[in-house]
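Visitor: If you want the building blocks of each chain, they are given just below.
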Amino acid sequence: MNMKPEELIAKLKKIIMPYVQDEEAFKKLSSETDFIRDLKINSANLVDIILDVEDEFNIKIENDDMEKMISVEGAMGIINTRLEEE
Amino acid sequence: MIGNDIIDLKFASSSPNWRRDRFMDKVFSAKEQKIISDSLDPFQTIWLLWSMKESAYKIYVRQHSKKFFAPAKVKCNLLTSNDGIVEIFHETYKTNTTIDNDYIYTIAFNDSSENIISNCFKLENATYSNQHFTSYQNLLYAIAELENVTATSLVIKKDEFGIPILYCNNQAQNIPLSITHHGHFGGYAILK
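In order, the protein sequence lines correspond to chains A and B. Position one of the first sequence corresponds to residue 1 (our numbering), numbered consecutively onward. Position one of the second sequence corresponds to residue 1 (our numbering), numbered consecutively onward.
Honestly, the hints are just simulated from the structure, not real lab data. Treat each hint with caution, since some may be false.
Unchecked claim - Computed spacing ranges between beta-carbons, pair by pair:
| # | chain 1 | residue 1 | chain 2 | residue 2 | range |
| --- | --- | --- | --- | --- | --- |
| 1 | A | Lys4 | B | Asp100 | 43 to 51 Å |
| 2 | B | Thr92 | A | Ala10 | 41 to 49 Å |
| 3 | B | Asn115 | A | Lys28 | 37 to 45 Å |
| 4 | B | Gln137 | A | Ala10 | 35 to 43 Å |
| 5 | A | Glu24 | B | Ile165 | 42 to 50 Å |
| 6 | B | Arg22 | A | Gly77 | 14 to 22 Å |
| 7 | B | Thr150 | A | Asn58 | 51 to 59 Å |
| 8 | A | Glu7 | B | Thr150 | 52 to 60 Å |
| 9 | B | Phe161 | A | Pro18 | 25 to 33 Å |
| 10 | A | Lys28 | B | Asp38 | 44 to 52 Å |
| 11 | B | Glu160 | A | Asp64 | 32 to 40 Å |
| 12 | B | Gln173 | A | Thr81 | 36 to 44 Å |
The structure displayed is predicted, hence computed values, not measured ones. In this text, a Cβ means the ideal position worked out from N, Cα and C, and glycines have one as well.
Same shape as in the complex, but just chain A (with noise of 0.2 Å):
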C-alpha cells in the first residue's frame, strides 16, 4: 500500500502536533525539519509519536527503525518502508 507524500505529512502533522514547543517552527515544518532541534519536542515525547505513529499507520516500528526517526525526513522514510511490506 502506498500513500501520496502529502497524504502522509498531513498525518503526520496531526500526530507530532501536541508535542511540538516551536509553533513557528511547525508552520514551516518541511522534509529536513529535525523534531528536536527545530520543534523543541522533549525526547521522551518521541517515544509517544512512534507509538502514536504506529497506531495510525498500523505498523511496527523494529527499534532500529526508531533511530531515524529524528526528522521528518527519516520518519517518512520509515513509514513508506513499513507501508510497502504491509
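Model the placement of chain B on the given structure of chain A, informed by the hints.
Guide: Same frame as chain A, now just chain B:
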C-alpha cells in the same frame, strides 16, 4: 565530558504512554524492565533510568558528533539507588542521580575525578520560552561568576548536533556544558 537530564515527575505522569507495554519495549532492555518491575516505585525507576540514558547520550553525541534515537541501545546498570553506569556501544559513562519527590536529576560524566559544577532549579512556568530562557540565564550567570567575566559577554549557541557551545566575546570556549529542562524544572552542568 558532561551531560545532564531532568525529569519533572508530575509532567511525566501526565503522559499515559509509559504505562503501555510497547513504550517499555521501545525504551528499556529486558534487564532494565526487570529492574523496574522489581523496584518499590516502578514509575520513579522508569524515569531514573530514562534520565541516566538521556544524560549519557548527551556525552556520546558530543564525543561522536552523531545523533540517533535508540533508548533501548543505551544500557543502564544501577550500582546504588543513585549511582550508575551507562553503556552506549563501546563507551561507558558514570551517572549520579538526585531523586526528589517532584523531580529526578542525573548528571553523566566520564571520570569521577572531573570537576563538575551542576545545579537544578524550579521554573516559574512550563512554557518552552520560559524553560529555555531561565535555564540559559542561570547557566550564563554561573559561568560568569566562575570565569570572572560579565554575563553579557557570554552567549550559548547550539551546533548542528544540538550541542551547546559557549562563546565569550564571540570566541568559542572549550568549556563543555549541558542544559536540561522538563516541565517546571531546569538544570545545567559545567565541566571545569
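Visitor: Run every hint past the structure and note whether it holds.
Guide: For each hint, the structure was consulted:
no., hint, in the structure
1, A/Lys4 - B/Asp100: 43 to 51 Å, "holds, 49 Å"
2, B/Thr92 - A/Ala10: 41 to 49 Å, "holds, 43 Å"
3, B/Asn115 - A/Lys28: 37 to 45 Å, "holds, 42 Å"
4, B/Gln137 - A/Ala10: 35 to 43 Å, "holds, 38 Å"
5, A/Glu24 - B/Ile165: 42 to 50 Å, "violated, 23 Å"
6, B/Arg22 - A/Gly77: 14 to 22 Å, "holds, 21 Å"
7, B/Thr150 - A/Asn58: 51 to 59 Å, "holds, 57 Å"
8, A/Glu7 - B/Thr150: 52 to 60 Å, "holds, 53 Å"
9, B/Phe161 - A/Pro18: 25 to 33 Å, "holds, 26 Å"
10, A/Lys28 - B/Asp38: 44 to 52 Å, "holds, 46 Å"
11, B/Glu160 - A/Asp64: 32 to 40 Å, "violated, 24 Å"
12, B/Gln173 - A/Thr81: 36 to 44 Å, "holds, 42 Å"
In this structure, the hints that do not hold are numbers 5, 11, in rising order.
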